[in-house]
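Each chain, letter by letter, is given below.
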Amino acid sequence: MTNQERNTLLAAIDALCEGELSAAQLAFLEQMVLSDSAARRLYVEAIALHGSLHWDAAGAGAMEAAVSPRPQAVPARSPRLRRFVPAIAIPAGIALLLTVIMTGLLPKPPVANSLSSAPAAAPRPDSQPAPWTSQIVNTTEAQSRIAPADRAHPIPEISLPAIPRAAPHEADAENSVATQAVPGATAGTIPAVTPIGEDQKLAAEIDRLLQVQQQDSGVPAARTATDAEWIRRVYLDLAGRIPTVDEAEAYFHDSRADKVLQLVDTLLNSPEFARQEATVWTNLLIGHSRTDNIDRTALFHWLSDQFADNRPWRETAMNLVAAKGTPAEGPTNFLLAHLNNQAVPATAITARIFLCEQLQCAQCHQHPVVKSWDQSRFWELNAFFQQTKIIASPEAGSGRNGSSPRMRQELVDASVLRPTYYESLRGVMQVAYPRYAGVEVQTSPKQSLRTQLAELMFAEDRPQAARAFVNRTWAQFFQYGFTFPLDDMGPHTPVSHPQLLEQLTADFVASEYDVRKLVRVICLTQAYRRSSQPAVPALVDDPAKGDLPLFAHMYIRPMTAEQLHDSLWIAAGISPRQLLTAQHEMRREDWLKQFYRAVDTEENSEATTFGETLPQALMMMNGDLVRTATTTPDNRLLEEVINRHGDAEADRIRRLSLAALSRYPTPEELNTVRDALRRSIRHRTERNMPTQLALAEGLKDLYWAYLNSSEFAISH
Amino acid sequence: MSRSSTPGSEPRISTEEFVQLFTQTQRSLYLFILAQVGNTHRAEEILQETNLVLWAKLGQFRPGTDFLSWSRQIATFEILKSRQRYRRERLTFSEEFMQSVAEEVVTLATEEERRREALQFCLEKLPASDRALIEQRYEPGASGKDIAVQLGRPLNSVHQSLGRIRRLLLECIQRQLAAEVGT
Numbered sequence: 001m002t003n004q005e006r007n008t009l010l011a012a013i014d015a016l017c018e019g020e021l022s023a024a025q026l027a028f029l030e031q032m033v034l035s036d037s038a039a040r041r042l043y044v045e046a047i048a049l050h051g052s053l054h055w056d057a058a059g060a061g062a063m064e065a066a067v068s069p070r071p072q073a074v075p076a077r078s079p080r081l082r083r084f085v086p087a088i089a090i091p092a093g094i095a096l097l098l099t100v101i102m103t104g105l106l107p108k109p110p111v112a113n114s115l116s117s118a119p120a121a122a123p124r125p126d127s128q129p130a131p132w133t134s135q136i137v138n139t140t141e142a143q144s145r146i147a148p149a150d151r152a153h154p155i156p157e158i159s160l161p162a163i164p165r166a167a168p169h170e171a172d173a174e175n176s177v178a179t180q181a182v183p184g185a186t187a188g189t190i191p192a193v194t195p196i197g198e199d200q201k202l203a204a205e206i207d208r209l210l211q212v213q214q215q216d217s218g219v220p221a222a223r224t225a226t227d228a229e230w231i232r233r234v235y236l237d238l239a240g241r242i243p244t245v246d247e248a249e250a251y252f253h254d255s256r257a258d259k260v261l262q263l264v265d266t267l268l269n270s271p272e273f274a275r276q277e278a279t280v281w282t283n284l285l286i287g288h289s290r291t292d293n294i295d296r297t298a299l300f301h302w303l304s305d306q307f308a309d310n311r312p313w314r315e316t317a318m319n320l321v322a323a324k325g326t327p328a329e330g331p332t333n334f335l336l337a338h339l340n341n342q343a344v345p346a347t348a349i350t351a352r353i354f355l356c357e358q359l360q361c362a363q364c365h366q367h368p369v370v371k372s373w374d375q376s377r378f379w380e381l382n383a384f385f386q387q388t389k390i391i392a393s394p395e396a397g398s399g400r401n402g403s404s405p406r407m408r409q410e411l412v413d414a415s416v417l418r419p420t421y422y423e424s425l426r427g428v429m430q431v432a433y434p435r436y437a438g439v440e441v442q443t444s445p446k447q448s449l450r451t452q453l454a455e456l457m458f459a460e461d462r463p464q465a466a467r468a469f470v471n472r473t474w475a476q477f478f479q480y481g482f483t484f485p486l487d488d489m490g491p492h493t494p495v496s497h498p499q500l501l502e503q504l505t506a507d508f509v510a511s512e513y514d515v516r517k518l519v520r521v522i523c524l525t526q527a528y529r530r531s532s533q534p535a536v537p538a539l540v541d542d543p544a545k546g547d548l549p550l551f552a553h554m555y556i557r558p559m560t561a562e563q564l565h566d567s568l569w570i571a572a573g574i575s576p577r578q579l580l581t582a583q584h585e586m587r588r589e590d591w592l593k594q595f596y597r598a599v600d601t602e603e604n605s606e607a608t609t610f611g612e613t614l615p616q617a618l619m620m621m622n623g624d625l626v627r628t629a630t631t632t633p634d635n636r637l638l639e640e641v642i643n644r645h646g647d648a649e650a651d652r653i654r655r656l657s658l659a660a661l662s663r664y665p666t667p668e669e670l671n672t673v674r675d676a677l678r679r680s681i682r683h684r685t686e687r688n689m690p691t692q693l694a695l696a697e698g699l700k701d702l703y704w705a706y707l708n709s710s711e712f713a714i715s716h
Numbered sequence: 001m002s003r004s005s006t007p008g009s010e011p012r013i014s015t016e017e018f019v020q021l022f023t024q025t026q027r028s029l030y031l032f033i034l035a036q037v038g039n040t041h042r043a044e045e046i047l048q049e050t051n052l053v054l055w056a057k058l059g060q061f062r063p064g065t066d067f068l069s070w071s072r073q074i075a076t077f078e079i080l081k082s083r084q085r086y087r088r089e090r091l092t093f094s095e096e097f098m099q100s101v102a103e104e105v106v107t108l109a110t111e112e113e114r115r116r117e118a119l120q121f122c123l124e125k126l127p128a129s130d131r132a133l134i135e136q137r138y139e140p141g142a143s144g145k146d147i148a149v150q151l152g153r154p155l156n157s158v159h160q161s162l163g164r165i166r167r168l169l170l171e172c173i174q175r176q177l178a179a180e181v182g183t
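Chains as they are written, first to last, in our numbering: chain A, 1 to 716; chain B, 1 to 183.
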């Protein structure tokens, strides 16, 4: 291929990309590709680039596009979504535009629009059985991430895989975790509870500091969230799931003045809170996908116990850094997972997780921005891990019958230390001895290097570890932390609320790293109770676009994979207690595997397809779990709604809305949904289906639409 | 969407596993189709058709075999069907061309993940104005024409700029991959 041929070829490919390929160019392109392997390669590379840009933009770009208000408000679906929707909605036939699902979240004018347009669009004289289509107004990021639901009618009656179901008496129990003191939380061992007043004072101080910044930026704070908005949020954050129908109703009817405080405390003391925190931290520490040589469950249970007993964060973190022993012991799994590659991942991840410092760039060269972070900083931290080895020995009792013995991993510290050698940019070998924050450390028979590191990291005059935990915890409740990125708190990263961060950090250290107290204070702030609708939609900070967050309204968050899983089970009518069983834990692990896979990089990272429109939508539309939730008698709640004789349609709809979205439908929604339900019943009875059965099928379809609505899969 | 009616005795993939394989391979499959048809809209359309067939044949997939190869076979068939449908169009690639390109795509597919990363890196390296232009061009639904109107620039010059940037990216990706091999 001559240079000129190459240029002509590239020009032809450009024309192809822009849809302007001439016949002559086509002929040239074909001839080159068929006759010259380099040209063939070039063509494939160039067209792959074009396709990648197109494909990736459809994923990421669609999200950005949805954030900025679009002129055409109604369903601007991402191409990625368009791509597969027809694959699902085969027998099209639209009976209902369930335009209503998100209206509760929208600023007023769009609501009015979408609703007024709904009746106009809905009554199409359709001749087919009636599936449900929920058409969702596409205005928020979270919405666009989650598929609108086009349902291919109706889920065929298929034999379900044997999903372990509750023993009847268990599922039947009306016992909500919220309304009773849960044992298990080892109430006796909770360190002296601070008087209520103090935490509330702190919360008020936080609000004051936030308000100063909001006023400076001229952004008014949003209204207080409704009971329905708040209860869903607080359950998702503290219990990792949506509230049950009973829990929601109990809260709505609770007339105590301090019911917010009561609910926060009940949830904080429940084993579900420990489980939720353990979930978050297990994922941070070892991810979802790494399983070689480690016992994920043991780490999870250990963390659960630490949070249930409200052990100080300092203790938990130091244990993780300094742990020794076998995987079964729990905390050892953190390093067992990351000691590969000369402990490079362990070094980078320890700094990132516990200190929110991104040292990994300093591995090969001076930090690009923070000039004081040079290579030695990385390798001196790395040297602390060089004493540690994983040894494998045959497990006692295994391998007897001629089979190869199972190996047991163990994390041990050698008595001698070999320093770390690394190559500097100029190619000179350098040596690094364990040194942290200027303190050089010697090997000692009494204390391992990692124990000494843990103490240095959590020394009283070094609050960075506490600051990092505060930042992470805040982000758990508000979607954004005080820095962006959350885990890069180096001197080069601006802090949105420096004074607030310092205040919270100081209080956290003063409280002896009391996790529950920190969470309690955060949950008691006004900021945490703000609605997700900005007071003035035009005046809104958008951290997703790089604005420093003002926390003037609640940022909408997509549920995590775990929250979604557990919430679907709750929506499927099981009792919250069942979420705490080992059996459920296994079920959840299995389910999560579909979204995660390990990626071999030096940071031991992993890739997830969760949150991407396509996989999540497929799971929601076709997955076994959603099928269980919309099938009777698997879903006892649904069955009960269907079988309650004499109930008005409106009551049934209200109950389903509450079960899925933790709120009652608005009057407009109710009208639209009821009309659609009636139409669907009529369609079926016209085909000689008994009325009771037609009602049941209609309600199942409705519930499916609720679960597939954008609103279900977000926390707002 | 109905489940396959294969007898229960045969090994069958679970929906979850299927979804996982399915989602992991969508991008590769799309690139495979696009190289052979040259038009993003057509490629999407064929991908849709292919997906329909994949779902319908879910029960025929044997766990443990290569899912992507299986999908490619089905896609190849769908490409031919689409070609039939559009045969009256003025410009279509010859079957010979498509086959030769398909083979090349399969060879190149082993590098796909690295190429994707390299592209990310190279996009970040672009001068801001170039990057903005590329983003505008590949925003869902956008075309070179829209940008020309938006920027008030002649269409020709916009296309030239896009061509130049694509070339920059292409070369940058090649360098990146070569560097990786070198180290």
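Please note that a few of the clues may not be correct.
With a cut-off of at most 27 Å between alpha-carbon atoms, the simulated DSS-like pairs for lysine-lysine come out as follows [unchecked claim]:
(1) B:Lys81 to B:Lys57
(2) B:Lys145 to A:Lys593
(3) A:Lys201 to A:Lys259
(4) A:Lys371 to A:Lys446
(5) A:Lys371 to A:Lys324
(6) A:Lys446 to A:Lys324
(7) B:Lys125 to A:Lys371
(8) B:Lys125 to B:Lys145
(9) A:Lys545 to B:Lys125
A few chain A positions that, by computed beta-carbon distances, are all more than 12 Å from chain B [as the list claims (entries may be wrong)]:
(10) Asp14
(11) Glu20
(12) Leu21
(13) His54
(14) Val212
(15) Gln363
(16) Ser372
(17) Val431
(18) Ala475
(19) Asp590
Quick caveat, the hints were computed from the structure, so don't treat them as lab data.
Each residue gets a CB set at the ideal place from its N, CA and C atoms; glycine is no exception.
Here is how each hint holds up against the structure:
no.: 1; hint: B:Lys81 to B:Lys57; result: 18 Å, holds
no.: 2; hint: B:Lys145 to A:Lys593; result: 43 Å, violated
no.: 3; hint: A:Lys201 to A:Lys259; result: 18 Å, holds
no.: 4; hint: A:Lys371 to A:Lys446; result: 36 Å, violated
no.: 5; hint: A:Lys371 to A:Lys324; result: 35 Å, violated
no.: 6; hint: A:Lys446 to A:Lys324; result: 14 Å, holds
no.: 7; hint: B:Lys125 to A:Lys371; result: 21 Å, holds
no.: 8; hint: B:Lys125 to B:Lys145; result: 26 Å, holds
no.: 9; hint: A:Lys545 to B:Lys125; result: 20 Å, holds
no.: 10; hint: Asp14; result: 4 Å, violated
no.: 11; hint: Glu20; result: 8 Å, violated
no.: 12; hint: Leu21; result: 6 Å, violated
no.: 13; hint: His54; result: 5 Å, violated
no.: 14; hint: Val212; result: 34 Å, holds
no.: 15; hint: Gln363; result: 14 Å, holds
no.: 16; hint: Ser372; result: 25 Å, holds
no.: 17; hint: Val431; result: 23 Å, holds
no.: 18; hint: Ala475; result: 24 Å, holds
no.: 19; hint: Asp590; result: 8 Å, violated
Against the hints set out earlier in the document, violations occur for numbers 2, 4, 5, 10, 11, 12, 13 and 19.
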